[in-house]
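Trainee: So the chains spell out like this:
Number of protein chains: 2
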Amino acid sequence: MQKLAIGIDIGGQSSKCGVVTKDGTILEQSVVTSLIDSVDEYIELLAGTVKELIRKTANQGTVVGIGVGAPNANRIDGTIRYAPNLRWARDAEGNPCVVNFAERLIAATGLHVRITNDANAAARGEHTYGVTRGIDEFIMITLGTGVGSGIITHGRLIYGHDGFAGELGHVCVVQGGRQCNCGLKGCLETYASAMGVARTAREFLQNDDRDSLLRKLDPEKISSKDIYEAAVKGDELAKEVFVFTGRILGHALGDFVKFSSPKAIVLFGGLTKSKEFFHDEMVSAMNDNLMQVWKGKIDILYSSLKESDAAILGASSMVW
Amino acid sequence: MQKLAIGIDIGGQSSKCGVVTKDGTILEQSVVTSLIDSVDEYIELLAGTVKELIRKTANQGTVVGIGVGAPNANRIDGTIRYAPNLRWARDAEGNPCVVNFAERLIAATGLHVRITNDANAAARGEHTYGVTRGIDEFIMITLGTGVGSGIITHGRLIYGHDGFAGELGHVCVVQGGRQCNCGLKGCLETYASAMGVARTAREFLQNDDRDSLLRKLDPEKISSKDIYEAAVKGDELAKEVFVFTGRILGHALGDFVKFSSPKAIVLFGGLTKSKEFFHDEMVSAMNDNLMQVWKGKIDILYSSLKESDAAILGASSMVW
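So the sequence lines, in the order shown, correspond to chains A and B. No gaps in the numbering here: position 115 of the first sequence is 96 in the numbering used here, and each next residue is one more. No gaps in the numbering here: position 61 of the second sequence is 42 in the numbering used here, and each next residue is one more.
Here chain A stands alone, though its shape is the one from the complex (with noise of 0.2 Å):
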């Protein structure tokens, strides 16, 4: 019989569940909610889907642990500390507080449990099935609703001394910029994320008076997508705003080169989507912030894979 894994993708929302071949494929998968306010509540309900996904692959192997991608994870001791977006991490006064996850789902299974930051698990999905299959050195960026990364040298995911390595979603790229969650100001993720396109639009909207598909939308409720389907419908404010991020972001990657000189650097999550309004200028600023032994030679590439399958690619991977 051959060795399975389940890989995990804990969202705010959802959370994905999948049982994963050595070379990849996924057998079976599964999505459950994450709205649940009571921690045991959630690792039952988690548990209750392993079983039910090692019953349904008995035939074609043997599950031999699992692998978690989760938001403010920690691979080094299990836990997953102050994240704001998972309800069911929240102590008494509804405060995020630190959960000793991979010790209680280890309780509830019975089996092997590593968990890691979601962007983490990305990177090692794209390391192991995806684009950078073969490439030793590169980084992560994951843009999605924050901005997360997962720094690969030597073939391995960089975790620091702590397990907290990879925030670059927190380098500060304008001094005294953005206020972001984290308490810190001028962030990238404040600027270069969903959260970030989103408030770049209600700046621009507020600052001049042209024209805009932008407008007829209630300011605080403009999104990403919003922007992005004005965008392609040649909306030039939303246009400025993908060019604005380009820059921001590139302007930042050119620095995150200096550090661990990458061949590539990937990016993933939903606000690639967009990536015509945005590539050019942000492979542009990169390139104006790089020495010259860099300039141009800098590769940068989306995930291959499908969203919702590389993170729990990425966090079965942790198994092998």
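One or more hints might be untrue.
Copies of one chain are not kept apart here, so a pair can be met inside one copy or by any two copies together.
Claimed, not checked - Result set (DSS-like, lysine-lysine): computed pairs, CA atoms no more than 25 Å apart in a straight line:
1) Lys166 with Lys244
2) Lys214 with Lys197
3) Lys(-16) with Lys276
4) Lys244 with Lys220
Calculated directly from the structure, the hints in this document are not laboratory data.
We have chain A; now place chain B onto it with these hints.
Mentor: Frame of chain A, contents of chain B only:
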């Protein structure tokens, strides 16, 4: 007979060579000038020194290889590329060029040769023999004429895909800031090096008319040593130069932590002699630019090795 290694530290003015045991004792050392116009003559001088050192230590062991730390040296292909401060590394028109350094030194000595950039060599020296023995996650920042860095994760130096990782001296710390020799603007090196500190002093002297001991000096010739000596005598303007430097450096260190989450940052080089005047401001600026999970938890250390020894030891450790 025990095995011995030769460590060579190449600087713009002089080159230091030493014979080192595996436990880090320097048995013999010798200094030669770097102020030579021809690469052939320079290699001949170096090879002669190596042979002399081998002769002197022949009764104590057998030299099995040479490790070299030099500016702009690339471990992967053994070249020194466009080093602006090495007189012998220029083409016929006097422009910095590419020198096949390892290949030439092998030919001249018949020994194995490994080269790496000077900051990487210092990081290795510190990791093997200095203040970060046993610490496998740290960043070394060299504050000399320029700013260099060596990054250790999982106990290994990060080289990147091309050998040029760790150019943190050229991370942009002030957008559109000071022009750097590398071609970019606002690089950390233009503020937090000996050169940068002198530049800050000149700006401060120009921008206000307060009295200062530094006004007695020719502004173009002010050195970081002059500023240190003035600060020791209580000169307010000189002290402010270091506070300004500490603030910029500390903010940058905060961003570096978000990359590799090191246990410690080690500072090394001439500018650290003035640490009493910038340390507190630097630490507080770093912590102001860190998320809660790191605030107050990253150690700032100073190299424990004699400056001239550290580079020789680090370079020699590549042989083992």
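Trainee: Against each hint, give a clear statement of whether it holds in the structure.
Mentor: A quick look at each hint next to the structure:
Within a single copy, Lys166 and Lys244 get their C-alpha atoms only as close as 30 Å, which misses the 25 Å cut-off; across copies the closest is 24 Å, which meets it. Taking CA atoms no more than 25 Å apart as the test, Lys214 paired with Lys197 passes inside one copy only; the shortest distance there is 14 Å, against 65 Å between copies. Proximity of Lys(-16) and Lys276 under a CA criterion of 25 Å is satisfied in neither setting, with 45 Å inside one chain copy and 42 Å between copies. In this homomeric assembly, Lys244 and Lys220 never come within 25 Å of each other (Cα to Cα): the closest approach is 29 Å inside a single copy and 43 Å across copies.
Checked against the numbered hints given earlier, the structure breaks hints 3, 4 and satisfies all the rest.
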